[in-house]
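A.B. asks: Spelled out, the chains give:
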Amino acid sequence: MRLLKHKGPDWRYALEPKEGMLLRTLVKEFPLTAATAVKITRTGHDAKSVARERLLNESLAKHREELKRLAGKLLAARLKHEKDGWRLVLNEGGRAVLLQLLNDIRVESWHALGELENLDALPPQPSEMDLRHHHLMQLAGYFEWKTINLEDGG
Amino acid sequence: MPHVLEPVTIPKPTPGKKTRSQDDLAPTFFVICWNDPVNLMVYVTHVFMKVFGWNRQRAEKHMLEVHEKGKSVLVREGAERAEFYVHQLQGYKLQATMEPAE
Numbered sequence: 000m001r002l003l004k005h006k007g008p009d010w011r012y013a014l015e016p017k018e019g020m021l022l023r024t025l026v027k028e029f030p031l032t033a034a035t036a037v038k039i040t041r042t043g044h045d046a047k048s049v050a051r052e053r054l055l056n057e058s059l060a061k062h063r064e065e066l067k068r069l070a071g072k073l074l075a076a077r078l079k080h081e082k083d084g085w086r087l088v089l090n091e092g093g094r095a096v097l098l099q100l101l102n103d104i105r106v107e108s109w110h111a112l113g114e115l116e117n118l119d120a121l122p123p124q125p126s127e128m129d130l131r132h133h134h135l136m137q138l139a140g141y142f143e144w145k146t147i148n149l150e151d152g153g
Numbered sequence: 000m001p002h003v004l005e006p007v008t009i010p011k012p013t014p015g016k017k018t019r020s021q022d023d024l025a026p027t028f029f030v031i032c033w034n035d036p037v038n039l040m041v042y043v044t045h046v047f048m049k050v051f052g053w054n055r056q057r058a059e060k061h062m063l064e065v066h067e068k069g070k071s072v073l074v075r076e077g078a079e080r081a082e083f084y085v086h087q088l089q090g091y092k093l094q095a096t097m098e099p100a101e
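Chains as they are written, first to last, in numbering that gives the first Met the number 0: chain H, 0 to 153; chain D, 0 to 101.
It is possible that part of the hints are untrue.
[To be verified] Straight-line distance between alpha carbons at most 20 angstroms, and here's what the computed SDA-like set of lysine to any residue pairs gives: (1) D:Lys49 - H:Arg94; (2) D:Lys68 - H:Thr42; (3) H:Lys61 - D:Gln89.
Source of the hints: derived by calculation from the structure; they are not laboratory data.
Modelling step: build the complete structure from the supplied sequences, incorporating the hints.
C.D. replies: Here it is in structure tokens:
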């Protein structure tokens, strides 16, 4: 995956044939799991904190639904197959959606694997599902890194 | 008869009224980002730049603080604004919380 051009609102990327297929497959996986509930504070346990936390989790659930809706459209409209590979053209909003859903897949895979400190490690006696989550986590990280690093001129 | 002056009563000072506005009295919160091994460093920097509009230097400083010290205080805000930032950061799947500043 490499940045061909950044002009105006659009970023144009070139992807190798395998990369294009992997990205399509990966995006279709979203959402990988039900979202893990999050805390809004690590110190407060009062009624206000409880209400804020409920609101946060409701808001995040809606946000994921919206990402799911956009994910289906994103690559269908933005990723095109060409004779030497794939072309991905993203505007600011499209890039934000892509990065968020990739990172959602990565983080939820990590949760599913038991939140291991060493991301290269697998749980002892990994199941097929563990292997799948590990693969998806690494793959999502690859595309995130490429997208951001290329976007930021790295 | 000597002229006697009326005693002059000096009014007792009244306890000073609070002059701080409601906003000053409202509790404030630290928005904190906590370290985890899964979010990429470039991603965390990217999110800080997007959410707070920071330049790269400032975003990287906070990212490195998260990475090296386990957490970074990103901003201090009133409840509503702090909550807004936590929603934004959690939307990007960063581990962010709001903690009372006082």
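A.B. asks: Compare the structure with each hint and give your call.
C.D. replies: Comparing the hints with the structure gives:
no., hint, result
1, D:Lys49 - H:Arg94, "holds, 12 angstroms"
2, D:Lys68 - H:Thr42, "holds, 19 angstroms"
3, H:Lys61 - D:Gln89, "holds, 13 angstroms"
Violated hints for the displayed structure: none, as all numbered hints are satisfied.
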